Amino acid sequence: MFKRVPFKTAGLMKKLMGEYYEKGARSQKEGIPVAWMTAVSPVEIIYAAGLFPYYPENFGALAGARKIADKLSLSAEAKGYSHDLCAYARCGIGDAYATEHPVGKIVEPNIIFACNTQCGTLPKWFEVASRFYDVPYFLLDSPLVGGEPEEACRDYFLQQLKEMIAYLEEVTGRPFDYDRLREVLHLSNEACRLWNEVLDTAARKPAPFGFFDASFHMAPIVTWRGTQEAVTYYRELKKEVDERDKAGIYAIPEEHFKVYFDHIPLWPRLRWFSELFASHHTLVAVSQYTHSWSYSFDLERPLESLAANYLEEFVNRSFDYRVQLKLNFIEKYGCDGFVFFSNRSCKSTGLGLYDKRNIVAEKTGLPGVVFEADMSDERFFSEEQVLGRLEPFFEQLKSAAR
Amino acid sequence: MHKEEIIEFLQKVVEKPDWKVREWKEQEKGKAVGFLLTDVPEELIHAAGFFPYGISGGRARMEFADAHLQSWTCSFVRSSLSLALEGKLDFLDGLIIPQTCDTTRNVSGIWQHANPLPFLQEYRLPRQVDRPSARNYLIYELNRLKEELEKFSGRKITEEKIKESIALYNDNRNLLARLFVLHEQNPAAISNRELYTIIEAALLMPVEILNKYLNGLIEALENEEAAPKSKIRLFISGTLLEPLEILDFIDENGGLVVGDDLKNGSRYIDAQVQTNDDPLAALADRQLKRIPGAFYDPPHNPRRHFLVKTARDKKVQGVIFLHLRNCEPENYDFYDNMQALEESGIPAIRIETEFVTAPSGQIRTRVEAFLEMIGGEGNV
Ligand code: SF4
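Going line by line, the protein sequences match chains S and X. Residues 1 to 402 (our numbering) are what the first sequence spells out, left to right. Residues 1001 to 1380 (our numbering) are what the second sequence spells out, left to right.
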């Protein structure tokens, strides 16, 4: 085990996230509608309309990190929801039926927006929620972007954004404020830009920041994106990362290798994994996951660029596009190998990883491995099995370097 | 032809699912385009001059799929890909995969690497159906699919051609729907197993030929005396009817299936296509007004309300949820559907199945017990 130098920004994170949950709880009392949102969806519109956006996926990750996803899930399983469904969904549904709430209760929605850019699970889960909480449900439908993005699909998404705005005008009884939308988009742009600058420092050798740090510091880019708070946070973080770099405080001691990681971290095992990789002098430098929040909006064409950004996010792209994306990351960050986590919760990122492993290995000549587990539910985690996969991989890394 | 002969012939089609397609390819020197069930506009494939072939999984050697699909993938897709890798779908020149869940959305790339085909298309169905944007988009998508089919065949698909195909498939749907009614009226004349076997055959043979057989069969059935016999009226809800043998258990225990929302059942024959409109718009409209399923739960007709209403209208005594394990959309709907039925006093059970093996004795026992419970003795 190595001794970590804690990030000063962690304190700010704690404060921000505390405020976020407090705001959620307060919103309803103050008559501000709480809108459930999916992580990859145009939250900018929700902020501009004056609603409070809440991300139930975040709740699932939190339950995972606190190692209680399995317990919450049992309340859902008792109703017939299978343990094969996404653990975030099981935590959300489980919390609805549970009598105990060890990580606090999920913030109840007044209105639900789902976008299926990420997966088909979220719409199904949110449909369940809309029945349970008896609130309206609105789906933003993203057809898969097969090859080059098609105008007609962008237009479909754009039409739906207009439908969404009209719907929000009805809900709030106010005309939609496009100037406010531009402000929010500007703040999102800023936060995304800074976040990506931070992520990019993982390419330095040795690097002051890696994937496990990113997994910790990503909460505000999800929840506060579109606000000044997120911009301030990532400005501070970027400053601190640069300072640490100057001071020789690196993500891991003695970095020998960098690897690419797919996709979501295993929340209850974050520490275990980060120590395992560090003990092999291997920095998990990059994952497409933390790069999900890389939006760039054109303030001149707000709705069109919202459509393009949220429709064409990589999880909604073809098999080949996603292989190429991995190759690009591997190259950009100078990776020596790659690790694919086949996450039984997340079909939309897990499916195809075995074929992709073969293709990426063939194209790069780098060692790579796939392992099976779940991002939140420890019942599907076997230390022995995972080590059985990773240890030979570390050996390959070392022998490739010789 | 006698009724028995027709039924026997159609049964043989299902037993040898590659029989008719190979025969057709041989005779017509044409190409076959498969589709994963369902909601794919067969009319377009037909109008392009191809043989539309519905892949409804099968008892495949699953180890073929293991290198590509994790064990938590549904057995329908696992078995379909396994069949392809085993060479049992080698008559296919193309494939259309309708996107209805994360698995169908992600399998096309995997399929194309594992078992490359000269023509592989995704059919990207809209996942919301109630807002105007859905219809415009769907017409675009249908047009795109049409153009891809044209590129593959090297021939234009004229409006006339599509209209002809629509008429043929409308006939087919009408005939199958009529058969359903006859089955309900006179179950002694055509059993549950026979009815659904015939619907399955529709996925595997040329529609022109099938329609002839169906006309003959319907004529024979209409002339048959109804043998009134009290039956336990059932509804089956799920994605796919698998295994077909479950219908034998229902037949043997006095059950009568009077409705379903299955892809290889009522969902295949439910709504008609208007013939006077622009054909692509008409195809889109059919799609948007189909009965609810796990991948569409339209606000104007929520699935649980649809289930309760249909069960009441059809005087259903029990509902069987027939679920494929690992079918996520079904799983998300299940509890609320079950609750809705319970609140309406309609008994239901859930039976989970997989494509892997022959049906277990346990399924038989559960069906028997359920029918006994809801039917009582006097009914059978
Ligand atoms: S299935 Fe994947 S993308 Fe969807 S909510 Fe679960 S983890 Fe997120």
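Be careful, since some hints might not be right.
[To be verified] No more than 30 angstroms apart at the CA atoms, straight line, and that leaves these computed lysine-lysine pairs for DSBU-like:
1. X:K1003 <-> X:K1212
2. X:K1003 <-> S:K79
3. X:K1289 <-> S:K162
4. S:K14 <-> S:K71
[Said to hold, decoys possible] Over 10 angstroms on every C-beta distance to chain X, these chain S residues come out as not near it, computed from the model:
5. F7
6. E19
7. A65
8. G80
9. D84
10. L85
11. L144
12. Q159
13. N189
14. E304
15. S318
16. N328
17. S342
18. R344
[To be verified] Output of the computed footprint for chain X on chain S, the stretches with three or more beta carbons under 8 angstroms from beta carbons of chain X:
19. 275 to 282
20. 353 to 359
Read the hints as simulated data drawn from the structure, not as lab findings. Small disclaimer: the values here were computed from a predicted structure and weren't measured. Where is the CB? At the ideal position from N, CA and C, for every residue including glycine.
Checked hints:
no.: 1; hint: X:K1003 <-> X:K1212; result: holds, 13 angstroms
no.: 2; hint: X:K1003 <-> S:K79; result: violated, 46 angstroms
no.: 3; hint: X:K1289 <-> S:K162; result: holds, 23 angstroms
no.: 4; hint: S:K14 <-> S:K71; result: holds, 25 angstroms
no.: 5; hint: F7; result: holds, 35 angstroms
no.: 6; hint: E19; result: holds, 33 angstroms
no.: 7; hint: A65; result: holds, 23 angstroms
no.: 8; hint: G80; result: violated, 5 angstroms
no.: 9; hint: D84; result: violated, 5 angstroms
no.: 10; hint: L85; result: violated, 6 angstroms
no.: 11; hint: L144; result: violated, 6 angstroms
no.: 12; hint: Q159; result: violated, 4 angstroms
no.: 13; hint: N189; result: holds, 27 angstroms
no.: 14; hint: E304; result: holds, 15 angstroms
no.: 15; hint: S318; result: violated, 6 angstroms
no.: 16; hint: N328; result: holds, 17 angstroms
no.: 17; hint: S342; result: violated, 6 angstroms
no.: 18; hint: R344; result: violated, 5 angstroms
no.: 19; hint: 275 to 282; result: violated (count 0)
no.: 20; hint: 353 to 359; result: holds (count 3)
Checked against the numbered hints above, the structure breaks hints 2, 8, 9, 10, 11, 12, 15, 17, 18 and 19 and satisfies the rest.
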